[in-house]
Amino acid sequence: MKELVKERVAEAVRKVYGEDAVAVLERASFEKPKRKEFGDIATNVAFLLAKVLRQSPRAIAEEIVRVLRGSRDFESVEVAGRGFINFKLSQSLYEEILNAVVETDFYLSDVGRGERVLLEYVSANPTGPLHVGHGRGAVVGDVLYRVMKLTGYRPEREFYINDAGRQIKLLGLSIYLRAKELKGEKVTLPEDAYSGEIEIWKRNYIFELAEKLLKLKPDLLELPEEEAVEIAAEFGKEELLKQIQEDLRELRVEFDHWFSERELYEKGEVERVLRILEEKGYLYEKEGALWLKTTLFGDDKDRVVRRSNGEYTYFASDIAYHYNKIERGYDRGIDIWGADHHGYIPRVKAAIAALGKDPNWLEIILIQLVKLFRNGAEIKMSKRKGNFIPLKWLIDEVGVDAVRFFFLLKRHDTPLDFDLDLALSTKSENPVYYVQYAHARLCSVLDKAKEEGFKPSSNSLNLLTTEEERELILRCYSLKYELQQVAVKREPHRLTYYLIELASALHRFYNKHRVVDGENGELTSARLYLVEGVRKTLEVGLGILNVKAPRRM
RNA sequence: GGGCCCGUAGCUCAGCUGGAUAGAGCAACGGACUUCUAAUCCGUAGGUCGGAGGUUCGAAUCCUCCCGGGCCCGCCA
Numbered sequence: 001m002k003e004l005v006k007e008r009v010a011e012a013v014r015k016v017y018g019e020d021a022v023a024v025l026e027r028a029s030f031e032k033p034k035r036k037e038f039g040d041i042a043t044n045v046a047f048l049l050a051k052v053l054r055q056s057p058r059a060i061a062e063e064i065v066r067v068l069r070g071s072r073d074f075e076s077v078e079v080a081g082r083g084f085i086n087f088k089l090s091q092s093l094y095e096e097i098l099n100a101v102v103e104t105d106f107y108l109s110d111v112g113r114g115e116r117v118l119l120e121y122v123s124a125n126p127t128g129p130l131h132v133g134h135g136r137g138a139v140v141g142d143v144l145y146r147v148m149k150l151t152g153y154r155p156e157r158e159f160y161i162n163d164a165g166r167q168i169k170l171l172g173l174s175i176y177l178r179a180k181e182l183k184g185e186k187v188t189l190p191e192d193a194y195s196g197e198i199e200i201w202k203r204n205y206i207f208e209l210a211e212k213l214l215k216l217k218p219d220l221l222e223l224p225e226e227e228a229v230e231i232a233a234e235f236g237k238e239e240l241l242k243q244i245q246e247d248l249r250e251l252r253v254e255f256d257h258w259f260s261e262r263e264l265y266e267k268g269e270v271e272r273v274l275r276i277l278e279e280k281g282y283l284y285e286k287e288g289a290l291w292l293k294t295t296l297f298g299d300d301k302d303r304v305v306r307r308s309n310g311e312y313t314y315f316a317s318d319i320a321y322h323y324n325k326i327e328r329g330y331d332r333g334i335d336i337w338g339a340d341h342h343g344y345i346p347r348v349k350a351a352i353a354a355l356g357k358d359p360n361w362l363e364i365i366l367i368q369l370v371k372l373f374r375n376g377a378e379i380k381m382s383k384r385k386g387n388f389i390p391l392k393w394l395i396d397e398v399g400v401d402a403v404r405f406f407f408l409l410k411r412h413d414t415p416l417d418f419d420l421d422l423a424l425s426t427k428s429e430n431p432v433y434y435v436q437y438a439h440a441r442l443c444s445v446l447d448k449a450k451e452e453g454f455k456p457s458s459n460s461l462n463l464l465t466t467e468e469e470r471e472l473i474l475r476c477y478s479l480k481y482e483l484q485q486v487a488v489k490r491e492p493h494r495l496t497y498y499l500i501e502l503a504s505a506l507h508r509f510y511n512k513h514r515v516v517d518g519e520n521g522e523l524t525s526a527r528l529y530l531v532e533g534v535r536k537t538l539e540v541g542l543g544i545l546n547v548k549a550p551r552r553m
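Position one of the first sequence corresponds to residue 1 (our numbering), numbered consecutively onward.
Just so you know, the hints here were simulated from the structure itself, not pulled from any lab data.
Mixed in with the good hints there might be a few duds.
Unchecked claim - With a straight-line Cα cutoff of 25 angstroms, these simulated SDA-like cross-link-like pairs (lysine to any residue) come out:
1) Lys180 to Val111
2) Lys51 to Val102
3) Lys371 to Asn125
4) Lys242 to Ser195
5) Lys169 to Glu239
As the list claims (entries may be wrong) - Cβ-Cβ distance ranges computed for the label pairs, FRET-style:
6) Gly543 to Thr414: 48 to 54 angstroms
7) Asp421 to Glu311: 20 to 26 angstroms
8) Met381 to Glu451: 51 to 57 angstroms
9) Asn309 to Asn360: 31 to 37 angstroms
10) Glu263 to Lys357: 17 to 23 angstroms
11) Glu226 to Glu429: 55 to 61 angstroms
12) Glu254 to Ser457: 36 to 42 angstroms
13) Arg14 to Glu37: 28 to 34 angstroms
14) Asp340 to Arg154: 39 to 45 angstroms
15) Gly376 to Arg508: 29 to 35 angstroms
16) Asn309 to Ser425: 50 to 56 angstroms
17) Lys357 to Glu501: 39 to 45 angstroms
18) Gly70 to Glu429: 44 to 50 angstroms
19) Leu369 to Asp421: 16 to 22 angstroms
Glycine is no exception: its CB is placed at the ideal position from the N, C-alpha and C atoms.
The whole structure should be built from the sequences, with the hints applied where relevant.
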């Protein structure tokens with residue numbers, strides 16, 4: 001209905017001040033005022049026009065209102081304060097909106113204008129199970145994808161597999177050494193090896209992999225070390241990737257593409273990109289290493305792309321990877337990274353610029369730390385390297401619905417304290433329950449009504465005139481606007497807040513008004529129609545979060 | 001030292017492309033169940049929006065400086 005009010009105002013402005021003045025509408029706000037007395041929608045256009053026209057906001061607002069009075073869409077249009085214009089929607093407009101909510105896919109829109117967006121998220125190294133931090137990034141990416149699809153973007157999801165280079169070799173070495181240990185040999189793990197320790201499970205995944213590998217390949221330790229390590233690396237990587245994929249499936253997170261770093265090397269992509277940079281004169285050698293002049297493009301120091309030992313850095317393949325993404329024809333790339341990588345942004349953007357592409361093509365969403373709390377105290381693992389809390393553990397503790405919902409309870413760039421007790425609570429203090437309960441409650445009302453022979457009908461919507469009913473109608477419809485905000489601002493957490501507010505409005509309505517009323521069949525049918533609209537909106541909203549909307553609880 | 005992020009109610013946080021008297025949940029206190037799910041709702045109380053300047057009709061929101069907290073500054077990823 002915002003769009004509708006905006007259109008009407010645009011017509012009025014055009015009539016009074018001419019076509020040129022209409023442009024300010026783009027910057028004007030059309031919001032639901034905080035105070036009810038100010039009506040259903042308020043706009044500040046008069047203030048914006050005041051600057052352009054050099055007249056008082058109040059006088060301009062009065063001119064606009066003069067034209068708008070008499071429209072059948074508004075019960076009233078009034079000037080307030082120093083120049084706000086407040087609209088009260090007419091009953092017929094409310095009815096129209098509710099109809100749209102129940103009968104159409106009203107929440108779809110086209111703010112994305114068909115933009116092709118490549119979303120890359122999780123991209124965890126296949127050197128261990130996913131931890132809770134990965135989970136948060138996964139849910140943010142997944143929900144952003146779903147919302148973008150509904151708002152006119154053409155998004156795709158990608159997981160970048162770091163299956164080349166040092167980390168994988170180190171994984172192989174770690175497994176190999178643990179295998180030796182299993183056979184009774186005394187070994188010392190290098191400082192940066194994976195210990196495999198998962199304290200909270202009292203398990204060690206490197207030992208487990210070593211054991212499994214020894215069963216498959218009993219002669220492993222008789223092979224030359226280099227060959228054995230390579231076999232262990234390949235095996236470990238495959239196994240861990242499978243585990244990661246299983247964890248993601250359980251979290252209900254999917255991908256369209258699994259992109260292998262190793263393939264970049266095998267196809268010569270890394271060399272090719274470095275050659276382009278070479279030709280442009282952005283590479284130089286120093287102390288035996290090959291450097292990229294990222295400082296020419298805003299980075300604070302130059303970066304190594306090939307180490308003095310001849311190995312490429314992670315940065316080198318990352319340049320090739322991003323170049324590859326751009327060449328695949330996406331209009332925009334969005335990477336979701338852990339916030340500790342923020343220092344990495346300038347060099348990647350610099351590399352893109354060095355390649356002659358627009359660094360603004362790439363957007364980075366940073367995901368802050370997740371801390372887990374139980375009984376008011378943080379669950380802390382010992383600081384030893386590689387020791388963390390697996391995502392799978394969290395899912396097993398509180399369930400997928402709570403995990404997904406809770407990960408979106410704060411903006412992605414602020415640290416998240418995850419309260420396990422709260423996630424398991426079955427009271428209104430637990431937002432997941434609160435929202436799901438609203439849905440179940442409505443299903444229960446609809447079932448009850450059916451038993452008593454009532455069914456939803458739009459015949460007498462003119463009976464829905466109370467404050468709570470109007471509130472619900474507008475809130476349902478504003479899902480469309482919320483989704484646009486989520487997509488444009490890349491802030492999926494808005495959706496959880498929206499659902500909590502919708503559920504709250506519903507509970508308020510429910511406690512004040514009786515839906516099924518044997519004495520008044522007309523009103524019952526109309527309210528059932530509203531109930532169906534709210535139920536549908538909750539179902540759609542929860543569906544986008546990929547959280548269950550139960551019929552019964 | 002440099003860079004990025006953050007400072008809003010006792011606690012956890014929304015609100016930030018500038019808009020009317022700054023919101024929610026929890027905790028506290030007081031109420032509402034012969035009635036469609038009380039797994040809910042209503043009310044009360046709680047604030048120098050870290051501080052100081054600036055921009056203007058108007059600032060939690062934008063700019064500058066200061067204070068406080070976190071993270072990052074590798075030929076690791």
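To see whether the hints hold, each was checked on the structure:
1. Lys180 to Val111: violated, 58 angstroms
2. Lys51 to Val102: violated, 42 angstroms
3. Lys371 to Asn125: Answer holds: Lys371 to Asn125 is near 21 angstroms, not above 25 angstroms.
4. Lys242 to Ser195: holds, 20 angstroms
5. Lys169 to Glu239: holds, 15 angstroms
6. Gly543 to Thr414: 48 to 54 angstroms: Violated: the Cβ-Cβ distance is about 26 angstroms, outside 48 to 54 angstroms.
7. Asp421 to Glu311: 20 to 26 angstroms: violated, 47 angstroms
8. Met381 to Glu451: 51 to 57 angstroms: Roughly 53 angstroms apart at Cβ, these two residues keep to the hinted range, so it holds.
9. Asn309 to Asn360: 31 to 37 angstroms: holds, 35 angstroms
10. Glu263 to Lys357: 17 to 23 angstroms: Cβ of Glu263 to Cβ of Lys357: about 21 angstroms, so the range 17 to 23 angstroms holds.
11. Glu226 to Glu429: 55 to 61 angstroms: With a Cβ separation near 57 angstroms, Glu226 and Glu429 satisfy 55 to 61 angstroms, so the hint holds.
12. Glu254 to Ser457: 36 to 42 angstroms: Because 39 angstroms falls inside the window, the suggested range holds.
13. Arg14 to Glu37: 28 to 34 angstroms: holds, 29 angstroms
14. Asp340 to Arg154: 39 to 45 angstroms: violated, 31 angstroms
15. Gly376 to Arg508: 29 to 35 angstroms: For Gly376 and Arg508 the Cβ distance comes to about 31 angstroms; the hint holds.
16. Asn309 to Ser425: 50 to 56 angstroms: Holds, at about 54 angstroms.
17. Lys357 to Glu501: 39 to 45 angstroms: Holds, at about 41 angstroms.
18. Gly70 to Glu429: 44 to 50 angstroms: holds, 49 angstroms
19. Leu369 to Asp421: 16 to 22 angstroms: Cβ of Leu369 to Cβ of Asp421: about 20 angstroms, so the range 16 to 22 angstroms holds.
The structure is inconsistent with the numbered hints 1, 2, 6, 7 and 14, although it conforms to all the rest.
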